Structures are given as structure tokens and as C-alpha cells.
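Number of protein chains: 2
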Amino acid sequence: MQLQPIGHIFTQYRTKEECPIQPVYSSEAKGRIEVIEEYAAGLKDIETFSHIYLLYLFDRAGEIRLIRPTFLDDEPHGIYASRHPCRPNGIGMSIVRLEERQNNILIVSGADVLDGTPLLDIKPYIPRFDIIKSASNGWVGDRPLRPKPINRE
Amino acid sequence: MQLQPIGHIFTQYRTKEECPIQPVYSSEAKGRIEVIEEYAAGLKDIETFSHIYLLYLFDRAGEIRLIRPTFLDDEPHGIYASRHPCRPNGIGMSIVRLEERQNNILIVSGADVLDGTPLLDIKPYIPRFDIIKSASNGWVGDRPLRPKPINRE
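If you read the protein sequences in the order shown, they are chains G and U.
Numbered according to the numbering used here, the first sequence spans residues 1055 to 1207.
Numbered according to the numbering used here, the second sequence spans residues 1055 to 1207.
I should point out that these hints are in silico values taken from the structure, not numbers from a laboratory.
Keep in mind it's a predicted model, so treat the numbers as computed, not measured.
Do not take every clue at face value.
To be verified - Over the 10 angstroms line for every Cβ pair with chain G, so calculated as not near, a few chain U residues:
hint	residue
1	1064
2	1066
3	1068
4	1071
5	1098
6	1099
7	1106
8	1137
9	1159
10	1175
11	1184
12	1196
Said to hold, decoys possible - Once the Cα atoms are required to be at most 25 angstroms apart in a straight line, the calculated BS3-like pairs of lysine-lysine come out as:
hint	chain 1	residue 1	chain 2	residue 2
13	U	1070	G	1187
14	G	1084	G	1098
15	U	1070	U	1084
16	G	1084	U	1098
17	U	1098	U	1084
18	U	1084	G	1098
19	G	1084	G	1070
For every residue, glycine included, the Cβ atom is placed at its ideal position computed from N, Cα and C.
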């Protein structure tokens, strides 16, 4: 199947090493989303939500490996038990805070993606559907964050 | 960009009218995910999580309209302020409970998708990252659910 970007995400992050691991750890960092004019009408009412999902393409990810160490620990985990960018189909997902909308431009905070990332979709974050209090953190547990290793894709 | 299914999602839902609106409203319904053998290694450690995101293709969605009524009310909303299937790029997202793994087969509950839906990606649901207590329900508010209208795509 063939997908086309509906816009792009612009951030302060120019290299993978600068890029935070998850939006919650880049919550102060502002991003600008430019939706292509052709799709701008689809943004109607988006400003009623405080948070949105961004689905985007990991367009500068490295080699795909199905089992690999992640950014959170040194143990190898399956790519589907991880949010690591180097994955089949290369679709990324981030939950960001929607700060402001100006026509086809969205200002968000917490965008943990590389500058110029192609945007595939936007969906509203709806706590009624998306907060699952009983869910477990799996192998991630309560691991403290650590500095991102250099040269690890 | 070109994507390939990594597997398929099998459910009891054969028609759009049978299909629930959100996973939380189909929580008893079991689904079976068959990941293609080639990608099965990527499932390592997925069983440590209680919930997972499924990203999939809305392969039987109708005509794309950027502003349309949704399943929750009769007001027209922008497609990006909605989870409606008929959207550019046609990527769907559901959070489901992972009940069991048998090699490349995942048994889940809450799969609100049509039988045979092509699967694009699986990501772990990680409450540390994904529960945003302060988020608003936007226009969805606390609207009660209503029966799904027939013949509305």
C-alpha cells in the first residue's frame, strides 16, 4: 500500500542523538506541524483536544533488526515490545500536547521527532478510550531514564 | 512510501455495522493476530505487557471525506479530530489487551476491527508514557454511546 505525507513536523532536533526518547521527556520542547493545505479542512475541531497522537514516518532510521537493545536498557527486546525507530514499516507514534492552531499550522509541545519528519496522520487523544489504568509497564517497569548512547541507532 | 502487512487481525466482525466503535466497547470480544513468520522474532518479550497498540490498514473503508459526522454524534468534525476509518492514508489504531502469545499468534481482547484486517505494526502500551491524566476529551466529552447507524461509512 502506498502512503503520502499529509504534512511535516518541524522540531529543534537535527540529529538522532539530540532527539528525546519519549514525548514525556521533551515536554517543554515546542514543535510546529504544517499540514498540507489540501488536508487542512480535516483539522476542524482539533483545537477542542488538549493532546493528539501523531503518526509519522521514521525517515532517517537505521537498519531494521527484529531483536535489539533499546534506549532504556542493554537487554535485547523484540521490536514489537519496543518503540524503537528501526522497525518494519517504520511508523512512529507520539502523544503531544496541542498548544495552538493557526489554520493549517499546529503548535505542539513534546514532539520527540527529528526536524522535517513526514507526518502520516493525526488522531485525537481521548482519555475515555485511551487511559488504561490497569495496564502494566511490561519489561520497561520503572527503569530510570539514562543518557542516550551515541552511535546506537 | 510503500508498506507491507506484517500479519493479519482475525475477529468476529464481518461487516462494518457489526464492528464496535472503540476497543473499550468490545472488551469481551477476542481477536487472533497472526504475525507473518518472518517477523515473529520481533515479538520477543511482548508478553510482558498487558496491553498493546495495533496499527493496521482500514482496508474496507469508504470514501474519504475531510469533514464528516462521526459515530458519536451528528455534528460534522474534521477527520483529524476523529478516529473515523475513512481518512487519508487509512491507518487505524486500537489499544487491545494481550491475553496470550503462542509463537507468532497473539490472542487479544477488544479488537474492534474487521476480520482479516492487514496489520502494519505493534507497539507496547506503556502507562508511564501513555497515560495523560490531564488530557481533555475535546468535543467527545462524556457523550453516551449510541447504536451504530446502518449505511453510514
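Which hints, by number, does the structure contradict? 5, 6, 7, 8, 10, 11, 12, 13, 16, 18
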